[in-house]
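Peer 1: The lines below spell out each chain.
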Amino acid sequence: MSTETANDNKWIGKNTIRPDGADKVTGRAAYAADTTMPGMIWGKILRSPHPHARIRSIDTRKAEAYPGVKAVVTAKDIVNFPLDKSVMLGIQDMRWMCRNVMAREKALFAGHPVAAVAATTEKIAAEACKLIEVDYEVLPFVIDVEEAMKPDAPILHDFIQFDGKPSNIAGKLEHKLGDIEAGFAKADVVIERTFRTKPVHQGYIEPHACLVSVSDGKATIWSSSQGQFMVRAMCAYLTGTPQNDIRAIPAEIGGGFGGKTIVYLEPVALLLAKKSGRPVKMIMTRGEVFHASGPTSGSFSKVKIGATKDGKVVAAQGTYCLQAGALPGSPIRGAAGCSFAPYDIPNVLSVGYDVVSNRSKVAAYRAPGAPIGAYAVECVMDELAEALKIDPLQFRLKNAAKQGTKAAHGPVYPRIGFVETIESALKHPHYKTPVPKPKNGLLHGRGVASGFWFNAGGESSAQVNIAEDGTVVVITGHPDIGGSRASTANITAEILGIDYKKVSVLIGDTSVIGFSNLTGGSRVTYASAMVVTQSTEQVITQLRERAAKIWKIDPDAVVWENGEARPAGDNAGKFEPLTLAQIAAQASATGGPIGAGKQLNTVGAEGGFATHVCDVEVDPGLGIVRVLRYTSFQDVGRAIHPGYVEGQMQGGVAQGIGWALSEEYIYDKSGKLDNPSFLDYRMPVSSDLPMLDSVIIEVPNPKHPQGVRGVGEVPLVPPMAAVANAIYNALGRRLYSLPMSPPKVLAAMDQAAE
Amino acid sequence: MTDIQYLAPRTLDEAVKAFAAAAGAGRILAGGTDLLVQMRNGTVRPGVIVDIKKIAEVTSIEEIAGGGFRIGAAVSGAALREHPKLRKIWPGVVEAANLIGSTQIQGRATAGGNLCNGSPAGDSVPALVAAGAVVIIQGPKGRREVAVEKVPAGPGRLNLTAGEIVVGFTLPPRPKGSSDAYLRMIPRTEMDIAVVGCGVSLTLDNGTCTAARVGLGAVAPTVLLVEEAARALIGSKLDAAALEKAAVACSAACRPIDDKRGTIAYRTKVAGVLLKRTAAIAAERAGRK
Ligand SMILES: Cc1cc2nc3c(=O)[nH]c(=O)nc-3n(C[C@H](O)[C@H](O)[C@H](O)COP(=O)(O)OP(=O)(O)OC[C@H]3O[C@@H](n4cnc5c(N)ncnc54)[C@H](O)[C@@H]3O)c2cc1C
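Residue numbers (our numbering), protein chains in the order written: chain G, 11 to 764; chain Y, 1385 to 1673.
None of these hints come from the bench; they were simulated from the model. Among these hints, one or two may not hold up.
Cβ-Cβ distance ranges computed for the label pairs, FRET-style [stated by the list, open to error]:
id, chain 1, residue 1, chain 2, residue 2, range
1, G, E157, Y, G1426, 41 to 47 Å
2, Y, P1605, G, A136, 43 to 49 Å
3, Y, P1605, G, E157, 38 to 44 Å
4, Y, P1468, G, R744, 45 to 51 Å
5, G, A136, Y, P1468, 46 to 52 Å
6, Y, D1387, G, T36, 32 to 38 Å
7, G, K182, Y, A1649, 55 to 61 Å
8, Y, A1649, G, G78, 50 to 56 Å
9, G, Q253, Y, A1649, 56 to 62 Å
10, G, E157, Y, E1446, 58 to 64 Å
11, G, D94, Y, D1643, 43 to 49 Å
12, Y, T1545, G, R744, 54 to 60 Å
A few chain G residues that face chain Y, going by a derived Cβ cut-off under 10 Å, partial list only [said to hold, decoys possible]:
id, residue
13, R28
14, G31
15, L632
16, G633
17, I634
18, R636
19, R639
20, I676
21, D678
22, D684
23, S687
24, L689
25, D690
26, V695
27, D698
28, M701
Yeah, the Cβ is synthetic: ideal placement off N, Cα and C, and Gly gets one too.
Let the hints inform the model, and build the full structure from the sequences given.
Peer 2: Here it is in structure tokens:
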């Protein structure tokens, strides 16, 4: 890892010891499944074996009578949101959420919950599930996105119409800039290609889990999610419980990557707990996670880009069809909005289609949609560079978006750091090292790709309290999935001028801290830094007032420096500085406890850009591709905790390499997922990857007190194209679908040989 | 909930008796790296488990004069690797058994379990087939011996009769200039299942191949002995033409399926590619200059 800027901060930009590290490596961290309660019973879900079936009736009587069973729940128990009226919670429509947590009219995918049982043991609950009789009218199904768009495809939802006809196309989004036809008319070279990607899962190691207790109408939820406030609101909607009667306590989270921004188990467990009068625990198996939680979309895209002879892109058109799964909501905004966003292109038409099909409902996955769009665009950019005989990085540099560029998805960019990522890659030893010649029958290649993600602000709350001994406790309201506690400690310690070890950062539950939006959109460090900064500044104001009181001078005559209150100058009087601890010790006498909170809807999170360089080795006999060297260059604004930033960059690349080479949802002929385990759903293992190098570039965001931009999502945007372009460089043959698995690579080579 | 009875007899006779008495409800437990996984995911629900790891003959390695060995069915992969002489004389068998799983799995997983699990993709089986291993079987009717390739009957099915237990494998004596090798294709670098596995055992005399056996895994319902490929190698100097002929024979022997792990076309082609690479390694080990 390297960082390109130096600074004289004490804590910001330093790799302070992670507050969650020791607990995690010693196994003490309490994840959702680690919580138990006296009298606790177990919930299990009965899932549809059919990918598409009308539910004629459900008979739960035998299950209810089974010894040990305490409660049974079906869709009848979940609040119904009628189909004709949208009720939005963030990006989720409650019409779809109520049908996703429990099938209502129809089972829409194999694995769709149709009922749930709570019993004294997990085994009894599972046995009782089998006693539930569901009368299904099995319907024809469709899973693939292209198939689902065909005119004769089985229709999932009668209420969805497109062009006046029943359709699986649930939505369309269009970004336009300039005049696309006129743009292509000016181009000397135009390249148009078609790309396909498979659904891939976020692959968090911790399966969904929760424990819910309901007493006197008040529910307490312990669960693993990317937002305890989301859990509270969803459960309130789906169970008809007022929000003040639900306390959602966030567990330590074992990975989410977007997939834990919605609920599956919590409302069901709440209803089971309410019915049974007992605390109910539910844990998904890995198989359930794969079958029934949301992977990201599979896709079918067409991208056409035109450039002049001198290498200027003049027109770009993209059409991205994304598989939403059972219910609408695929991330077309990310695909259509981000794909051309790195470039200054005068004429753009970018269109996304949201397509439903009989697969589990899509959930967010790191930069939702953006990797799918970037994969297509960055591969075409590579072909254009080659056609124009320009170095692929120079081609990107020539067309790079800068301050003042108007992007098709709306904004005119403020100061952004895209150019810096390309320049940094160009001068990096990785890019300067020649690509190895074929050796021992192995072929080598290098590819590059860039990417963009919007980043986000949104609602955050923080409370900064000074303890009686002068140490500091900070509470924020979003689960820490990427190092936000460490970053918050660095910022608080920096502003207060104290040792970061004197600052403890906790994630508050819904009843102890104000509303805070999801951990997602690369927003948490950005937004929480803002509220924490303002809270800490208010605390400093209080500390100056207290010192002023002790010294009997005007608060304006007191400054806060290096963790101490000092007289502002000689005119203020001569006093020994007062430390935080000294002031805290006198807090009661000087006005009471010291602390402050801030709640904001933050704005000004500016886009993040990255450029990646990837070297591969291809075994032409077996079609195996191995990544040998990988370097990512990313503008992060400001790396508050570089170690965590590096982790985000590496993690995104690792996931991207998996998406590129080996991960895919495979369905059997009956429409059931055929690889619901980590054995056959092939995420890379550590020996599959080289050291993933990262270069942190800091072009501070002028709208943020520390200069932060989002970090966590951009790293997953460029890898698929970077790997694809490297494979082309090695083989002289392009692959247009993911994953680029050995059978596909070998087939492509055989075709080339013919 | 049904109870499971766990037995750990000290003699083969007791084990056979208990296993036969349990009839269909009984399961032999060696390393358990297949059995416990299958029990956990509910595909197998035994009533009686007969652990064979306390039986001396089943857990030991014995040398036979002339480079032969008798390997107990329940010897772990780690124990095979730590036997210096076995590793030297049968490097292909040992490397195949050592490819199973990870370090943790190696401490438990056995060649007997690998064979008796009946997967066509089991890694040690093609190497044992190439080695010409003979399986020692004991059942209620006594002992019998059979070539390893005759034991699998299909995915998850064996040519064993009720109450029969695999006791071990005999690896034949080894003439000078002999060695073996095993290669598998997996998409990842580890923790994966063979899409194709290939074992080659051969003997060289002055650069000419005088004996050879080829085993192929994951390309048919059972692991295959590919005699046609061996014939192509025998008598040759393992030149490109002979290897090509053997590779074609391997591809021709494949009767694979299209599944989540590989396509028919892919497996068929890769069987030939692996044959060439495996034979080259075996030849090198056998002392080819
Ligand atoms: C994480 C992991 C990774 C793995 N990786 C691989 C791999 O890379 N390659 C591979 O081939 N396999 C792999 N396996 C599968 C497994 O480890 C192997 O098949 C192993 O060789 C099984 O041996 P065992 O002693 O554990 O068998 P067990 O689980 O004890 O037995 C397997 C089956 O054979 C029966 N059995 C065992 N011994 C006898 C006997 N002597 N007589 C009659 N029946 C018997 C059992 O009843 C059972 O049905 C992996 C498993 C895991 C969990």
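Peer 1: Which of the listed hints are broken here?
Peer 2: When the structure is compared with the hints, numbers 1, 2, 3, 7, 13, 14, 19 and 28 turn out to be violated.
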